[in-house]
Each structure stands twice: as structure tokens, then as C-alpha cells.
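Student: Once you've looked at the hints, dock chain B against the given chain A.
Here is what each chain is made of, one letter per residue.
There are 2 protein chains.
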Amino acid sequence: MNEIKIFSPATVANVACGFDVLGFCLDSVGDEMIIRKVDKKGIHITHVEGFDLPLEASLNVAGVSALAMYETIDVDFGFEIEIYKNIKPGSGIGSSAASAVGSVFGMNELIGRPFNKTQLTEFAIKGEALASKCEHADNLAPALFGGFTLVKSVSPVQILEIPSPDDLYATIIHPQIEIKTSESRAILPKEVALSDAITQWANVGSLVHALHTSNYNLIKDSLHDVIVEPHRSKLIPHFNEVKTEVLEAGALGCGISGSGPSIFTLNKGLETANKVKETMENVYAKTDIAFEVHVSKINTKGVKAIY
Amino acid sequence: MNEIKIFSPATVANVACGFDVLGFCLDSVGDEMIIRKVDKKGIHITHVEGFDLPLEASLNVAGVSALAMYETIDVDFGFEIEIYKNIKPGSGIGSSAASAVGSVFGMNELIGRPFNKTQLTEFAIKGEALASKCEHADNLAPALFGGFTLVKSVSPVQILEIPSPDDLYATIIHPQIEIKTSESRAILPKEVALSDAITQWANVGSLVHALHTSNYNLIKDSLHDVIVEPHRSKLIPHFNEVKTEVLEAGALGCGISGSGPSIFTLNKGLETANKVKETMENVYAKTDIAFEVHVSKINTKGVKAIY
Numbered sequence: 001m002n003e004i005k006i007f008s009p010a011t012v013a014n015v016a017c018g019f020d021v022l023g024f025c026l027d028s029v030g031d032e033m034i035i036r037k038v039d040k041k042g043i044h045i046t047h048v049e050g051f052d053l054p055l056e057a058s059l060n061v062a063g064v065s066a067l068a069m070y071e072t073i074d075v076d077f078g079f080e081i082e083i084y085k086n087i088k089p090g091s092g093i094g095s096s097a098a099s100a101v102g103s104v105f106g107m108n109e110l111i112g113r114p115f116n117k118t119q120l121t122e123f124a125i126k127g128e129a130l131a132s133k134c135e136h137a138d139n140l141a142p143a144l145f146g147g148f149t150l151v152k153s154v155s156p157v158q159i160l161e162i163p164s165p166d167d168l169y170a171t172i173i174h175p176q177i178e179i180k181t182s183e184s185r186a187i188l189p190k191e192v193a194l195s196d197a198i199t200q201w202a203n204v205g206s207l208v209h210a211l212h213t214s215n216y217n218l219i220k221d222s223l224h225d226v227i228v229e230p231h232r233s234k235l236i237p238h239f240n241e242v243k244t245e246v247l248e249a250g251a252l253g254c255g256i257s258g259s260g261p262s263i264f265t266l267n268k269g270l271e272t273a274n275k276v277k278e279t280m281e282n283v284y285a286k287t288d289i290a291f292e293v294h295v296s297k298i299n300t301k302g303v304k305a306i307y
Numbered sequence: 001m002n003e004i005k006i007f008s009p010a011t012v013a014n015v016a017c018g019f020d021v022l023g024f025c026l027d028s029v030g031d032e033m034i035i036r037k038v039d040k041k042g043i044h045i046t047h048v049e050g051f052d053l054p055l056e057a058s059l060n061v062a063g064v065s066a067l068a069m070y071e072t073i074d075v076d077f078g079f080e081i082e083i084y085k086n087i088k089p090g091s092g093i094g095s096s097a098a099s100a101v102g103s104v105f106g107m108n109e110l111i112g113r114p115f116n117k118t119q120l121t122e123f124a125i126k127g128e129a130l131a132s133k134c135e136h137a138d139n140l141a142p143a144l145f146g147g148f149t150l151v152k153s154v155s156p157v158q159i160l161e162i163p164s165p166d167d168l169y170a171t172i173i174h175p176q177i178e179i180k181t182s183e184s185r186a187i188l189p190k191e192v193a194l195s196d197a198i199t200q201w202a203n204v205g206s207l208v209h210a211l212h213t214s215n216y217n218l219i220k221d222s223l224h225d226v227i228v229e230p231h232r233s234k235l236i237p238h239f240n241e242v243k244t245e246v247l248e249a250g251a252l253g254c255g256i257s258g259s260g261p262s263i264f265t266l267n268k269g270l271e272t273a274n275k276v277k278e279t280m281e282n283v284y285a286k287t288d289i290a291f292e293v294h295v296s297k298i299n300t301k302g303v304k305a306i307y
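Sequence lines, in order, name chains A and B. Per this note's numbering, the very first residue in the first sequence carries number 1; after that it's consecutive. Per this note's numbering, the very first residue in the second sequence carries number 1; after that it's consecutive.
This is chain A alone, in the form it adopts within the complex (with noise of 0.2 Å):
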């Protein structure tokens, strides 16, 4: 096999109570890649689609995380990638990790597979690294290993797979504001009351317990986010109209998707989710704000060859 293509899918980190260890994947939206073994050594970015983004490979998130496991392996031949780009960068559904994982998905499957998936997050958090200034895979995970994931670590990269129970849906709403990353990190807080800290690894083990035993209501029960969102969410205009009238419509939780401005839902079954869709829709209608909704399966398999 001389080249593959692939869909590289597109994911949402923190999930709530979650921040800085959960994420989740997307099946509905994701970008698409070619990657192909060719004669001349080296990594080259030939085409970009979708969004206007470099072709030099050390500046690119695709290129600089190819460039990490090209480093390692020892090759007469190089690669060539062309990337179409579905998920807008800044939308916080995991642009970046879709790229970085992408890249080195494809690689990987067309030198026989010699790295395992922790190993290409490992490469992929430096493509990541390049986007975000800093080392982390809270949506590299998800992408690369499918359904919901918890980052353990990072040094090393150790990460754990939890089920997804077979009926939720995500239906994620992105209203087209910039939100500036360094503003976003300022508005966190240094240090937290112990006693929210406490609600939030109360509501993360029960997560973790819901998603194991399909337990749709206790999802619901534990989908609180005391520490970062009362931060963040002032940063994204009707964000609480939003959660109140999404969770009124059925949603089992909402919260903000990564570092926003998306917000995701969680939701049982596909027509609460397009319920949902419908409701998320109607309160940003009545803005000027832009917005794309996505309706999505839990997308268990991450990123994948596609025919």
C-alpha cells in the first residue's frame, strides 16, 4: 500500500467535570487526509483545503507531528499529505488534534503498523504543541482511540478507554466568535475551593461509573462543571440561555467543548439529540452571530482508512 486516505475525526475535550482529562469523539465531522509514501525523503504538505494553512511542514500541525515519528524510523522514501480541512481551526472541536493525529495515523498504517496508538500520541502532541503552546491530549486521545478517554498522564503519555453506552449522541453547537487562546487561559482561576475541587472529582469518578454501566441518568446526574465553566462561559455570548433551554429540551448535560466557543450536549438517543439541535439553533437565530450545528454518534473506532 503506497497510499491511504483517512478521516481524521473531529473531538471534544473536558466534557464537563472533566477538565484537562476527558474527551470524547465525533463520528459526523472530521477532516479528510491522503497520505502517500513517496520517492523524495522527508515530509511534504502538497495541498491544503478548507482553511488557509501552511504547507511548510515544520509550521504545519500535520507536518510537525509527521516530522516526530519520521524522525524515528529509518526510510528510503518520504511522505507527501494533502489535507481537507473540514473542522475550522479555533472552533474547539479539536481542528488541531485532527490534524496532528492524522498524519501519523496514516504513516503508521502504511509502514505496517509499527507504532501503537499511545505511541502516535506521543508524535501527535507535537503537532499539537505547535497549535496550542502546550503539550496536551485531551482531544488527541479521543481521536485516536474513539469513544470517551481519560488522559492519565501525559509524561508519559498514558491513556485509559471508557465505554460509551450505545445510545448517546452529542449535538454540538459552534457560534462563529473568536475567542483568543490567551484569553481564554487568563480567565482561569490559579488556585480552587477545596470544596469544588471535591464536587468536581465526585462528578468526575461518576462519569466514569455512569459511562461503564450505561447509566443515562446518573450521566446526567454527574455532567456539572463547578471549577472552569462559571470562567469561561463568559466568554461565549448566550451560553447559559443555551445550557437552560437545551436541558429543558432533554439534553443530559451541556457544557463547553474544550476551550470553547463550541458547547456540546450529551443526549439519549438521536431524536432528543435533533431536538436539541432544533433548540441550540433557535436561540442563536435570533442573533447575529453565525453558527453550524453538528448532530453525532459517539464515534468508538476514532480516527480511520476510508474507501
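Since the hints were made in silico from the structure, they are not lab data.
All copies of an identical chain are treated as equivalent in the list; a pair is satisfied when it fits inside any one copy or across any two copies.
With a straight-line Cα cutoff of 30 Å, these simulated DSBU-like cross-link-like pairs (lysine-lysine) come out:
(1) K220 / K126
(2) K220 / K301
(3) K126 / K40
(4) K190 / K234
(5) K88 / K180
(6) K220 / K190
(7) K133 / K41
Tutor: Below, chain B alone, put in the same frame as chain A:
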């Protein structure tokens, strides 16, 4: 049935990472109680053995929880309670919880089990509050439900039962020093670093996942407390030495049991648990502090009738 004899087990709260929410149940150490229906209405504590505790029901932990239940039932009889106390008050392995749970469990059995375990927890909380001056359930929950429990919420009571791997054994040492509750509370910070809180909830999520998947290595990786132990361990002489040596002897993890002074370990297999027992004994044998050590399989049943 007019009389029941019950075993009410000792418990370990917090379990390293899960301050205020996690706990597990022991089966080799606990109190015995006899509860008996009598004509005379009310709650009558007729005998206390082992430690000096009040006979007046409203001043006795077992009596207060019994009264809380008694007030909600409409009966023309009363209950006598005999308490054979083995768990030393103030040892940090749920002495008051065992008392609070035992009376209401026994009474419920005698009147045909009108209450479920969540309701029994609500009564027992009243007794626990007499001893610890606050309503908490992190020892009550494992004493009532058995196994590992997560207290998702106290008001309303919501207890999650987390599975226990078959080959898990606890070794616990009780160095017989007194830690004042006021001191062990005052030493805790009101605020904690967000980065530490993230580490802690990654560990809580990871421990719950490890218990669901019987992953002993992951149990080991999750049993860390970066929030409370650094403060409270200062109140327990030789804590750091014990911890270093038991981990070397093969314990999966080691931490403070409840608010101390007992120190618990979790171990894979009885052989390791016994080796850890010796290791703990050796540390305190070199001091002038008296101690008691328990080795116990995780008790998955909780409080029970004995014959």
C-alpha cells in the same frame, strides 16, 4: 424475628485520591450488636462493651441513628440495643459509622425491611453527625453497601457501588496516637492549586475505571493524593517511612485512612498483604507507639446478620 445479631464492619474513607467521596469496606474487623424488639417503646441501649460509650440513646451514635429511624415508623414497641465495640473510637477506620449503621440495619431487618440502603444511610448520617459534627457518608456508605463506594451527594443521599476486584486485600495499621478532629480539619487548606485538583480528579476517574476493569496496575497508578496527604501526614509520626517501605514491599498504594491516624494499603493477593503487615509492624516496633494491624479482604457485602 424479635432479635438479631449483626456484624457492622470497619471502613476506610478517602482511599488516597478520593477525599470526602470514596470508601471501602473491611471484613476482618468490626463491631457486633444485638438488636431486640421490646414492649417498652423507644430506643434503649442496655449494654456497651469494649469502649466506654454513653448508654443514653440521644448521646450515643448508634442511639441517634436509631432514634432518627424510630421517629419515622409507627409502632407500639421499642428496641433494645447491645453494643460489642471492637473498633476503637478515633482510629480512623469508621468506628462511629459502624455504630450508626449497625442499629438501623438491625432494626430494619426486624421490621421487615421497609427501608432501602439509601434510606438507611439517611438515618445513619444523623448518628455520624453526633460523632464528627458534620453530615458525611464516606464511611457509612461502604459499611452499608459493602465494597467500594462513591458518595456522589449527601443531600439527597446518592451512593454509587463500584465493583471490587477479587484479589484485592487491605492492610491497615493503627498507630495508637490521638489526632484531634479539630486539628486534622484545621490543617487542610481552603483553596488548592487548580493543577493539583486536575491531578486528583484524573486519579479518581482512573481509580473508578481500574476497579471496573480489575486493572491492578492502574489501581496502583491511581492511588495518589496530592491534596490532603501532604498536610495531614504531618500529624502521623513515621507516615512517610511506612509509605516508602510498604510500596517497596509490593503494596499497590498507601494513604491515610479517613482523617487518620490509621494508615491503609491496598494489595494484590493475601501474600503481599501479609508481607506489608510485617513491614508496617517493623516500622512501629522501633518506636514507643503502640499499634494494631489488620489484614482484610474487601468486604463486598457490608453490614450483615450473624448467627
